[in-house]
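Please construct the entire structure, taking both the sequences and the accompanying hints into account.
So you can see what is in the structure, the chains are spelled out below.
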Amino acid sequence: MSLRIVVCVKYVPDATGDRHFAEDLTTDRDAVDGLLSELDEYAVEQALQISEASDDAEITVVTVGPEEANKDGLRKALSMGADKGVHVVDDALHGSDVMGTSLVLAKAVEHVGYDLVVCGMASTDGTMGVLPALLAERLGVPQVTLLSEVAVADGQVTGRRDGDTATERLAASLPAVVSVTDQSGEARYPSFKGIMAAKKKPVEELQLSDLGIEADLVGLGGAWTAVDSADARPARTAGTIVKDEGEGGKQLAAFLAERKFI
Amino acid sequence: MTSPRPGGLGNAHRLPEEYEQLRRTVEEFAHDLVAPKIGEFYENHEFPYEIVREMGRMGLFGLPFPEEYGGMGGDYFALCLVLEELARVDSSVAITLEAGVSLGAMPIFRFGTEEQKREWLPRMCAGEVLGAFGLTEPECGSDAGGTRTTARLDEATDEWVINGSKCFITNSGTDITALVTVTAVTGRKPDGRPEISAIIVPSGTPGFTVAAPYSKVGWNASDTRELSFADVRVPAANLVGEAGRGYAQFLRILDEGRIAIAALATGLAQGCVDQSVSYANTRKAFGKPIGANQAIQFKIADMEMRAHTSRLTWRDAASRLVAGEPFKKEAALAKLYSSEIAVTNAREATQVHGGYGFMNEYPVARFWRDSKILEIGEGTSEVQRMLIARELGVPSN
Numbered sequence: 001m002s003l004r005i006v007v008c009v010k011y012v013p014d015a016t017g018d019r020h021f022a023e024d025l026t027t028d029r030d031a032v033d034g035l036l037s038e039l040d041e042y043a044v045e046q047a048l049q050i051s052e053a054s055d056d057a058e059i060t061v062v063t064v065g066p067e068e069a070n071k072d073g074l075r076k077a078l079s080m081g082a083d084k085g086v087h088v089v090d091d092a093l094h095g096s097d098v099m100g101t102s103l104v105l106a107k108a109v110e111h112v113g114y115d116l117v118v119c120g121m122a123s124t125d126g127t128m129g130v131l132p133a134l135l136a137e138r139l140g141v142p143q144v145t146l147l148s149e150v151a152v153a154d155g156q157v158t159g160r161r162d163g164d165t166a167t168e169r170l171a172a173s174l175p176a177v178v179s180v181t182d183q184s185g186e187a188r189y190p191s192f193k194g195i196m197a198a199k200k201k202p203v204e205e206l207q208l209s210d211l212g213i214e215a216d217l218v219g220l221g222g223a224w225t226a227v228d229s230a231d232a233r234p235a236r237t238a239g240t241i242v243k244d245e246g247e248g249g250k251q252l253a254a255f256l257a258e259r260k261f262i
Numbered sequence: 001m002t003s004p005r006p007g008g009l010g011n012a013h014r015l016p017e018e019y020e021q022l023r024r025t026v027e028e029f030a031h032d033l034v035a036p037k038i039g040e041f042y043e044n045h046e047f048p049y050e051i052v053r054e055m056g057r058m059g060l061f062g063l064p065f066p067e068e069y070g071g072m073g074g075d076y077f078a079l080c081l082v083l084e085e086l087a088r089v090d091s092s093v094a095i096t097l098e099a100g101v102s103l104g105a106m107p108i109f110r111f112g113t114e115e116q117k118r119e120w121l122p123r124m125c126a127g128e129v130l131g132a133f134g135l136t137e138p139e140c141g142s143d144a145g146g147t148r149t150t151a152r153l154d155e156a157t158d159e160w161v162i163n164g165s166k167c168f169i170t171n172s173g174t175d176i177t178a179l180v181t182v183t184a185v186t187g188r189k190p191d192g193r194p195e196i197s198a199i200i201v202p203s204g205t206p207g208f209t210v211a212a213p214y215s216k217v218g219w220n221a222s223d224t225r226e227l228s229f230a231d232v233r234v235p236a237a238n239l240v241g242e243a244g245r246g247y248a249q250f251l252r253i254l255d256e257g258r259i260a261i262a263a264l265a266t267g268l269a270q271g272c273v274d275q276s277v278s279y280a281n282t283r284k285a286f287g288k289p290i291g292a293n294q295a296i297q298f299k300i301a302d303m304e305m306r307a308h309t310s311r312l313t314w315r316d317a318a319s320r321l322v323a324g325e326p327f328k329k330e331a332a333l334a335k336l337y338s339s340e341i342a343v344t345n346a347r348e349a350t351q352v353h354g355g356y357g358f359m360n361e362y363p364v365a366r367f368w369r370d371s372k373i374l375e376i377g378e379g380t381s382e383v384q385r386m387l388i389a390r391e392l393g394v395p396s397n
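Note that the protein sequences, when read in sequence, are chains A and B. So the first sequence is numbered by the UniProt record's numbering: it starts at 1 and just counts up by one. So the second sequence is numbered by the UniProt record's numbering: it starts at 1 and just counts up by one.
Calculated directly from the structure, the hints in this document are not laboratory data. Ideal Cβ positions, reconstructed from N, Cα and C, are used throughout, including at glycine. Just to be clear, a hint being listed does not mean it is correct.
Calculated pairs, DSS-like style, for lysine-lysine (alpha carbon to alpha carbon, straight line, at most 30 Å) [claimed, not checked]: (1) A:LYS199 x A:LYS107; (2) B:LYS216 x B:LYS37; (3) A:LYS243 x B:LYS288; (4) B:LYS372 x B:LYS329; (5) B:LYS299 x B:LYS288; (6) A:LYS71 x A:LYS200; (7) A:LYS243 x B:LYS299; (8) A:LYS193 x B:LYS37; (9) B:LYS328 x A:LYS193; (10) A:LYS243 x A:LYS84; (11) B:LYS328 x B:LYS189; (12) A:LYS71 x A:LYS201.
If we take Cβ atoms under 10 Å as the criterion, some of the chain A residues that face chain B in the derived model are [said to hold, decoys possible]: (13) LYS76; (14) LYS84; (15) PHE192; (16) LYS193.
Here are the in silico distance ranges between beta carbons for each label pair [stated by the list, open to error]: (17) B:THR380 x A:PRO234: 50 to 58 Å; (18) B:LEU392 x A:ASP14: 42 to 50 Å; (19) A:ALA257 x B:SER215: 40 to 48 Å; (20) B:GLU50 x A:LEU174: 54 to 62 Å; (21) B:GLU28 x A:GLN49: 46 to 54 Å; (22) A:GLU205 x B:SER215: 58 to 66 Å.
Now the structure itself:
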């Protein structure tokens, strides 16, 4: 039977752009161009490699996001080689936090049907990195997160997690949720053939009602967290220059100690 | 080779969505993979195999060819779009692709036999091997009809016997070069003019010698060699297209190639703008960024104006080509204009950079060194003017 892989991806504001918050302190999507989160490209790449190593696999890319998330986010994953897309788009989703997003993703993943869910290690905008765990919890399946190597064989997903002090080899029975790091292997660039083919791949558009989700569980109103205030980061100021006159090492140590780096 | 878009590209002043995605993909590739590494290859006069391999994986060498030969099913417009984006960052990489596709694979695709296409195109499209086109000779450049290299058919063995030499041949001596298509005199026409044919000579054929790389002013990470042929024997079946049609064939190849060079020159001109904007915003003099000075602003505005106009000229020529319309004059115009403004922009961008512009570690130094050849290769500016005048019906002598 075909291995059903679902990759959860996020459409994020371009980090190289001048990003702002809107008046309601949510991300101002109009201010900068959006794109597929780079960290999710690693997830798409690993899904493609698992699919290529398998006799029969199908990759569905799922995203929750605004209208443009299809053209500028999902399509990239499809042009890299994923087979089809699911886009959950609904005005009521505006301002959702990770609790709301994980709920919607879980319902969407169940709607698609899955053996393996692959996520990036974090988004490049919120950078929380907790979504894969929340998703696994909501789906009630094992989670194997932050993998730098991943493979599927005999109904199991196995992988390597590189920590600061140890390298772990992990395994879980399918169905399962995994997240992969930016060390898992460079994501491929879409080819022109892939770009042309992506135009013809199906993308299913769903609203909250299609997934049976009550609108008050998501969006700003349903969020478990709230942003009270946000200030632009102050401009960088000139650093302190210490001239080494025999005491440079000590001054450097003192500087680091003062900021609790050592 | 028709455009994958039904109805063609229209006027192509605005890119269709999938072309824009291709452009963005290559822009990202050039920025992330080419820009950080190319300086060292250039400085060491090394061919950037790892970058070429990546370009092969992305399918760039197969862009304008049909999928049945391992291509991407795109068109010449898509190729030009990619060349512009690569040349914004580096011209050596761009010319390697341009020559690999336009001069290496295209003659075989356009004029080769089915067997030749099946044998060579899939690996060329994947960027695993490169082909070169041997046209220019030490004593004939623009006057390509003056070819001295000869090929005699030895009927006893059914082989061509090739003698002569070729110079300035791009991609002819890399570790992955598989063949050179050589133009050679194969007889005389009734009016006494030479009959020129194109013949495939695989790398490593006895008697075929590839000289050490030239020491060039620019394009230092691209492979350019002199080739010599001493009684080189290849099967009669290596003839590309009809015997005696070599001249007409390469004229078509050159017409197309001009649009590709125009796109490449536009990329270089745009790269000059990119680098100048970034430098003008960060470099400070007299307490403010130098971009605050009108003298610098005007230079940059003029550079952008030239790059933009140049882009319109190649897109116009390429749109005509893929629509199957006449494009000879437009290709010559695009090539002439874009190469001349590339030189101008490179000079101005160097000026914006001041003393640093004269240092090889700055991309603009590379742009400056790489720009001049654009007014020479694939038909000099003088030849382009001649062609344009001829297309306008001005009497030729």
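*Hint by hint, which ones does the structure fall short of?*
Violated hints (numbers, rising): 7, 10, 14, 19, 20 and 21; every other hint is consistent with the structure.
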